[in-house]
Amino acid sequence: MTRILLLMLIASSALAQEAAPAAFFIERIEVRNARRVSPALIISETLLHEGTEVSEAQLAAAAARLARLPFLLSTDFALEKGSDRGRHVLVINVVETKPFFFLVDTRPVLREDHGPSRFEYSDDDFGSESKDAALGFRWFVGRRGIVHVGVLSQSDRRTFTSHYSAVAAGYTQYDLFGTGAFVTLNARLPEGRWTEGTGSPQLIAGVPLSASQTLTLDFQDTHFRDDTRDIAGVEIPFRDAERLLSLSWTYNTTNHPFAPTRGTILRVTPLRAMRDRSRVSQVTGGGVVPSARHNNAWGLDLAASRYWELSERHAVSAALVAGWADVEERTVGGFAEGVLRSRPAYQVVRAGYSRNLWAGQARSGDSRLELDGRFMTRQLHRDGGDQFGDSDKIYQASIAWVRRSSWGMARLGIGYAWGE
Amino acid sequence: MGRVAGLLALAMLLLPAGVAAQQRPAFAMQPGRVVAAALPASILSDREVERRLRSGLTATFVLEAKQRDAARRGASRIEIRFDLWDEVWIARRVEFDGKEERQRIATRAALEKWWSAPLRLFAAAADRVALQVTLTVLPFSPAEGEDARAWISKTGEAVGEGSPLIAAMVGTTVSAKPIRSYRWSAEVAAP
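These protein sequences, in sequence, are chains A and B.
1 is the number of the first residue of the first sequence in my numbering; add one for each residue after it.
421 is the number of the first residue of the second sequence in my numbering; add one for each residue after it.
In case anyone wonders, no lab produced these hints; they're calculated from the structure.
Note that this is a predicted model, so its numbers are computed, not measured.
All C-beta atoms in this analysis are idealised placements derived from N, C-alpha and C, irrespective of residue type, glycine included.
Each hint can be trusted.
Calculated pairs, DSBU-like style, for lysine-lysine (alpha carbon to alpha carbon, straight line, at most 35 Å): (1) Lys-81(A) to Lys-533(B); (2) Lys-519(B) to Lys-81(A); (3) Lys-98(A) to Lys-81(A); (4) Lys-533(B) to Lys-519(B); (5) Lys-519(B) to Lys-486(B); (6) Lys-533(B) to Lys-486(B).
Derived coverage of chain B by chain A (criterion: at least 3 residues anywhere in the stretch with Cβ under 8 Å from a Cβ of chain A; other residues may be distant): (7) 473-481; (8) 553-561.
Modelling step: build the complete structure from the supplied sequences, incorporating the hints.
Structure below.
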């Protein structure tokens, strides 16, 4: 009888163990096939620590985090026996991207919504969390550092911030003080001002709150113009500078840094934008009249995207992106002296479908065809005035081909937009 | 010599057909018009699947059936993990109606036998049904997909089935890239 009870106890204990989620004691983490990327950097990005017990859910989240890194093409996790019973070695096999990289996202959209027909380029911020350069080169230095040079493009849906390209050189330090945080320092030269040496610093600091949540601070001090001109014997300063400070909370469980097919992205970004411009407002018979304009803006951007993989071939997605701001524009000098307040806003609802075109190994990259439909509204309310004429409703449809390889990511397509 | 060469040529000719036939599950309609699939052991021997099975981490197999001329769907799930220290296979199957079974399996041969046992995945409305069946092999256990489960539960009605289907399909919503996927067409009739 005692033997039967003992057997029943052992059996129920084994069953309870099987029912519980699997957890593994990781005594060591080993990165294999890393030639340029430092293993320490990869380990720090997993947010896993040697000498701790981890669940499969944590391992899956770590694998998803690595899958979103732009400098790794694919990763593969496996366990091996450790030094003693119950101990494991976590082996991460990686396939790296090339040190030279590109991120080309070219989708001219023929717009026939308002005004004359024209082509504009789609400024997507749905599925991509990466702030990678359009073209560049990266070197891995030390155990957790990356030096990069490249050409980057700054673009968003806001009406009160600048869109421009810049040459940038920078350094990123990962896993600051063993916390998993990172800091990037960039020195940028905006397009067209390269010879003037109007250096524009940028600081990005990110802290992972969990495997899928990150808090990111972005500070940009951009100088588009800084010179003086002699007009009618008067030295007039011509300046144009912008400061942006934003803090983003991001929840990201997607499986790809550029073209996800599974997972969710939620992003909330409060921001502060300031812009100073000085120039000549007019030349009168009595001489030139210099003027200066200062913009002060508070804004909030929200983005929510969800991706579903219906099968190995087909995936669908839905997204909502919206932003609101309060802008004060103060002008000193010239005829337009005074203060103008406005509240620009935008909302975009998007539905997408993508089809896998890639039959090869995942470690060689992927390729997809994307179809995208969206409805956009924009408003610009001015204090003391009526609604600005640019308030509109726009419909847009586009098609694109996406290819990611060890060299980079290209999204080439075309779109058509029409509106009321 | 000529005869050997001829036999070799014949074997080479028949080999692809043999491999393809091994990859195909056997479908049968059980009492109550329940369609079950007996999965071929050759799937476990696929290089990528085998590599995952030997990784010490869970491999999840999601089997989905969709009726070709109707919106009816059903899904089942199998999870297999090799315990490196105990050297046993920890296996679990969740059938289309939520029925769950867990096993500790000591040998590879026993695992293949367990794997090939009929897995109930679809409730048919008639005695004959044409199905499109897909098998997706995913890394990791879908237990990580609790948020996905909650998300899909809200849209469960749109899927047209209740929570067992959701439970089985959660495996397809985790943020991992499939290791492998298979697709078959099947016409299944009551005996």
